[in-house]
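The listed protein sequences derive, respectively, from chains E and L. Per my numbering, the very first residue in the first sequence carries number 1; after that it's consecutive. Per my numbering, the very first residue in the second sequence carries number 1; after that it's consecutive.
Rather than coming from a laboratory, the hints here were simulated on the basis of the structure. Using N, Cα and C, we set each Cβ at its ideal position, and we do this for glycine too. Incorrect hints may appear among the rest.
Said to hold, decoys possible - Here are a few chain E residues that sit away from chain L, every Cβ distance over 10 Å (derived from the structure):
1. Val121
2. Ala175
3. Ser177
What the hints assert, rightly or not - Some, not all, of what chain E presents toward chain L, calculated at C-beta under 7 Å:
4. Val139
5. Glu200
6. Ala201
7. Tyr300
8. Val310
9. Gly314
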Amino acid sequence: MTTASLGLSRDDRPILIAALFILVILVAGTVYTFARFGSAPLLSPTYLLQQLQIGAFLGIVAAGMMMVILIAQIDLSVPWTLAAAAMMATSIGGPLAIPVGLAVGVVVGLINGIGVAYLRVPSMIFTLGVNAVMRGLMVAHTGGYAPQTAATDLMRMLAGDRTFGIPNALFVWAAVSVIVAIMLQRTALGRYVYAIGNKEAAAYLAGVDTRRITVICFVLCGLAAALAGVLLAGYSTKAYQGMGDAYLLPSIAAVVIGGTNILGGRGRYLGTLIGVVLIVLLNSVLSIMDMPEAGRQVIYGLVIIFMLLVYGRGERVTS
Amino acid sequence: MLDDIAIRLRQNVGIVTAVLLFFILYLLYNFAHPKGFSSAVLVQNGDEIFALAMLAMAQTVPVLASGLDLSVGAVMTMVGCFASYLLTGAAGGTPLHLDIFGLQFGLGTFPGGVGGILLGTVICLATGALAGFINGCVVVYGRIQPIIATLATGAVYIGIALFLRPTPGGKIDEDLNWALTNSLGDFAATVHIFDDGAAGWFAPVAWIPVPFVLLILVALLVWVPFRRSVLGRAVYAVGSAEGAAYMSGLPIERAKIAAFTLAGFFAGCGGLFLAIQTSSGNADIPQAGAYTLNSIASVVIGGTSLLGGTGSAIGSIFGAMVLRVISFFFRIFDIAPLLQPLFEGLILLAAVSIGALGVLRVKNTLELFR
Numbered sequence: 001m002t003t004a005s006l007g008l009s010r011d012d013r014p015i016l017i018a019a020l021f022i023l024v025i026l027v028a029g030t031v032y033t034f035a036r037f038g039s040a041p042l043l044s045p046t047y048l049l050q051q052l053q054i055g056a057f058l059g060i061v062a063a064g065m066m067m068v069i070l071i072a073q074i075d076l077s078v079p080w081t082l083a084a085a086a087m088m089a090t091s092i093g094g095p096l097a098i099p100v101g102l103a104v105g106v107v108v109g110l111i112n113g114i115g116v117a118y119l120r121v122p123s124m125i126f127t128l129g130v131n132a133v134m135r136g137l138m139v140a141h142t143g144g145y146a147p148q149t150a151a152t153d154l155m156r157m158l159a160g161d162r163t164f165g166i167p168n169a170l171f172v173w174a175a176v177s178v179i180v181a182i183m184l185q186r187t188a189l190g191r192y193v194y195a196i197g198n199k200e201a202a203a204y205l206a207g208v209d210t211r212r213i214t215v216i217c218f219v220l221c222g223l224a225a226a227l228a229g230v231l232l233a234g235y236s237t238k239a240y241q242g243m244g245d246a247y248l249l250p251s252i253a254a255v256v257i258g259g260t261n262i263l264g265g266r267g268r269y270l271g272t273l274i275g276v277v278l279i280v281l282l283n284s285v286l287s288i289m290d291m292p293e294a295g296r297q298v299i300y301g302l303v304i305i306f307m308l309l310v311y312g313r314g315e316r317v318t319s
Numbered sequence: 001m002l003d004d005i006a007i008r009l010r011q012n013v014g015i016v017t018a019v020l021l022f023f024i025l026y027l028l029y030n031f032a033h034p035k036g037f038s039s040a041v042l043v044q045n046g047d048e049i050f051a052l053a054m055l056a057m058a059q060t061v062p063v064l065a066s067g068l069d070l071s072v073g074a075v076m077t078m079v080g081c082f083a084s085y086l087l088t089g090a091a092g093g094t095p096l097h098l099d100i101f102g103l104q105f106g107l108g109t110f111p112g113g114v115g116g117i118l119l120g121t122v123i124c125l126a127t128g129a130l131a132g133f134i135n136g137c138v139v140v141y142g143r144i145q146p147i148i149a150t151l152a153t154g155a156v157y158i159g160i161a162l163f164l165r166p167t168p169g170g171k172i173d174e175d176l177n178w179a180l181t182n183s184l185g186d187f188a189a190t191v192h193i194f195d196d197g198a199a200g201w202f203a204p205v206a207w208i209p210v211p212f213v214l215l216i217l218v219a220l221l222v223w224v225p226f227r228r229s230v231l232g233r234a235v236y237a238v239g240s241a242e243g244a245a246y247m248s249g250l251p252i253e254r255a256k257i258a259a260f261t262l263a264g265f266f267a268g269c270g271g272l273f274l275a276i277q278t279s280s281g282n283a284d285i286p287q288a289g290a291y292t293l294n295s296i297a298s299v300v301i302g303g304t305s306l307l308g309g310t311g312s313a314i315g316s317i318f319g320a321m322v323l324r325v326i327s328f329f330f331r332i333f334d335i336a337p338l339l340q341p342l343f344e345g346l347i348l349l350a351a352v353s354i355g356a357l358g359v360l361r362v363k364n365t366l367e368l369f370r
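One chain only, chain L, in its complex shape (with noise of 0.2 Å):
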């Protein structure tokens, strides 16, 4: 029983380190914050956390299957620009319409009201999962390298998220802004659930912030399922030894494209949350790009080998989450915002670096290249 445990500790160092680390930092940061402990700190961290927290998942499944998706960005960018014209919840409906170099297209009127942010939902998230089952397609029928394969992709996806939004702007429908964005109280208010959130039985759990229980209903209904699927383990498979898993006949290429399907997923669902967080789409491709880079920090930080074949989604959202309270620290430590990139920069390095310290006890050279 003990060596059992051992064992599976030894197995997921990487994963435990993370959600210690980030516990630990998180506790810190709370003693440290005038209102800590307190939902309201909570709401706050949980939105700020969840779009780079669906972004690491979703940079979390390609990887394992020991290809890199640079494009997780651009595909947030992209359904971020779709849910502004589709999430705006008016009563009347938005009318669409298309302009190519002039040329002026109708498309009709997008229902208003909570129907309409419902279809409005279900489009974004499907825009999201296709533009990842083209890169999946891309890889896998075009037999490109998915680091560049993406890198080409995220460029159209960018390009279609500026075609849609050129400037800033779009709305979102504020009811839906207020109940995602809050605790679930006023989650429970907003929709007219549960006596309005005042339900007696509904009190103890009113606290908890929406962002939360989103993220962890996306885990538990979408990544675990998968995980224990047979595409799931054909995935990690593939990551370990892609020819072994041929060899085995395992589905190698169906696992590959829904790896890449359910990054386009889940960076879908950060998009939409970001959207519905800031009530507008902007096209901006550094922001697309800050978001790519970390969230190939958060999967280094999860304890997910960037060879592919180890790790989880799971470690990965607790990766994202080290890295944004390390810059909430910047808040409460009064740090000059100038020196924040430094900070953030040197405590990446390190922390890839201690984790490196390793290589320094391996006896024989050649395991250190694989």
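Chain E with its partners taken away, still in its complex shape (with noise of 0.2 Å):
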């Protein structure tokens, strides 16, 4: 009724409502913290710029992650391109450690496109495969410890400092972000992209190359899982095993929870930075409420169907 009468898209309400759940989050927290400590840190400019910082790696990672959403298929290899990534540029250095970096993930997502286009493995078994090898070729790599080359200063720079106040984190996340909304909404490509998300035999017979436009969007989400990756190890000025494990699942949330449909073709990407967002401070709330690991795991499962079960809802099959 009202979502109606205000006139909102079908794309817009879950935006809208993920909006409002943030205020919630940070009104909650706010209230705890307030009655506990006597201080209001959830909004303090300084902690919220943190919080967005270590945010950034995620945001970016969500953005790639929902190219490939949008073609309706999946991307489990990020874990690993991610910290592949950030291996080969640590232990690269110099001038060259963040275009390895990049071309790395590149690579990963050609592999992935390729296979996924063009030998039509699904994208669940294949990218999973993938993940696998680049977690293999890192081991070997590295000889399962720790790698003990460090970030040079330019990626510390861009992950670590601040500009202005501002974390440049940020900035280049909001770059990626003007980038991919530019991409989706104002290009030929974006057009594309919902075409084959909403029907690939459809947008074949249209005209569109689509198993090349399926590629793309595996070598963006690559490109995005790497950029993160570089940014990380910049961030904590060493790469380490298994620092990508905690962005997979996230950042499917955080797309799923913007608005995005699984199954491809519909969402948009201003709903993908709020979900980003709105994961970011629902953690950062739980952590200050010392919540132990188990009550995170169960309130951030509720969470995501809540938010689904709110706007989420599939069409019931009639025909």
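Two chains, two frames, a set of hints: combine them into the complex.
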């Protein structure tokens, strides 16, 4: 009713509700901290900026994941693409560190894309295999220990330093966001992506080279994961085993909470942005509350189900 | 007659490939193993295969209804944590209490002894089935995509597991552990049947490992009847064309709920066995994730289409066994442990890519977009 009178499209509604939920988290968290510590860290810009700086890595991964989910695929190779990019970047070092790290992402994306688009292997299983291969390569490369190599100064500057009081990582995230948003809304590639997600056969008959677009989407996803890996290595000054494991499920959750259909073809980038902020804030409120890992997992799962029950329900199959 | 066999072979080419692959690999393994073709090797392999085989069966049922269950590993872990409290078999029973944010609630004493173990087993399996039932309800009545719904419920189940076992621990009755993870002869000796396993007629089967017997029992007593029931057929129908199934008046909602419930039950069996085998409960998140992903891989290797509608849980068992035998080879051929993940990934990629080479022969590109 209200949604109809406000003239919201079905893509805007999830974004609005998710944004409202962010406010609820902020208010609830502030009430809690005020009652317990007599302060309101959640409302201080410094604290929020620091949380968003950590959230930037998830945001960049989610931007890439969204490209793949929009064409009704999924990329499970993100964790070790991220870690491999970070490890390669730190072990090469020097001015070539960042380009080499990003190249790792492009290569992984190319392999994923070729397997999914041309061999027609389900992305769920192909990217899973690629993830295992990347993990194997990195374990063999590092001997299973944390690599001793350190991030270059440029990587540290991009991820850890601040300009005008704002973390540089946020600028990188903003740049990625602008590029993805423009690409999805203003370019032919964006149109093709939505078309493929809705019905690949129709897009193909309309003259879209759907297989090439699929490869491009996987390359972009790999590139985003690699960028996040390079930045994360800069933030923590080194690469480490399993550094990407914490990014796979949250990035999928952020994309879906933001209103993107997991079956592809529908969803706006703004939603993904809001989804990332929601997950980051939820995490920080839970850590302020000193919530044990068990409680975090339960709340995390319940929030996803709750958000989807509110606006993510599918159509009933009747024909 | 011959035509009939040929048609059946063509329809089940995925399963047949998996079965052949398993037997070839397993024969090679036993030839290469210094103690090959012995009961001891078979017992060890059976213990290592059982949990994954159960999870592969669990994953198969929702996949047949064209939904993925990303919570099977979490259900397995949660049931394992329950088992580590309920299957201690301690003589005086086990006192249970809840600790929620420092508040203690006494839950009385769980009975020990054989009766307690049987009751605990039933509770554990029911817990698994209940978790699956909840998945089914969220998917059917919440109308949320299975992949994302089970991702979320999986987080909840892992949370419960962590709540039960923040650190690995607990205990399983030693006799239970010994009886279920060894050969039938040891089983009979432990539970004192068939003259402690020394009966003459019993000798020819005494070498068979218990896990394999359990696996066959679960497959024959649970999967086969389900496959032949109306609900079982409805699961296949939903997977191949949900709209057509609805128009034909099949109970699609009940079929989906049944599929997820059965998945929870199988995952619970896997968790129960894993807890009994390791004699402890461990809320290991990476392990749960690895089992979930391996269950998907097993389903695919076993010839079940991820699009739903074709395949069988029996195939998935062989898929799981193929995956496990591949890792047995690493032990035999002394491949550096560091290279194992690389080989596992490469073999998985090679298997699915070779299976996919058929697309190169497709003349009409449109057929590719199903």
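Next on the checklist: Output the indices of the hints that this structure fails to meet, ascending.
Outcome noted: Those not satisfied are hints 1, 8.
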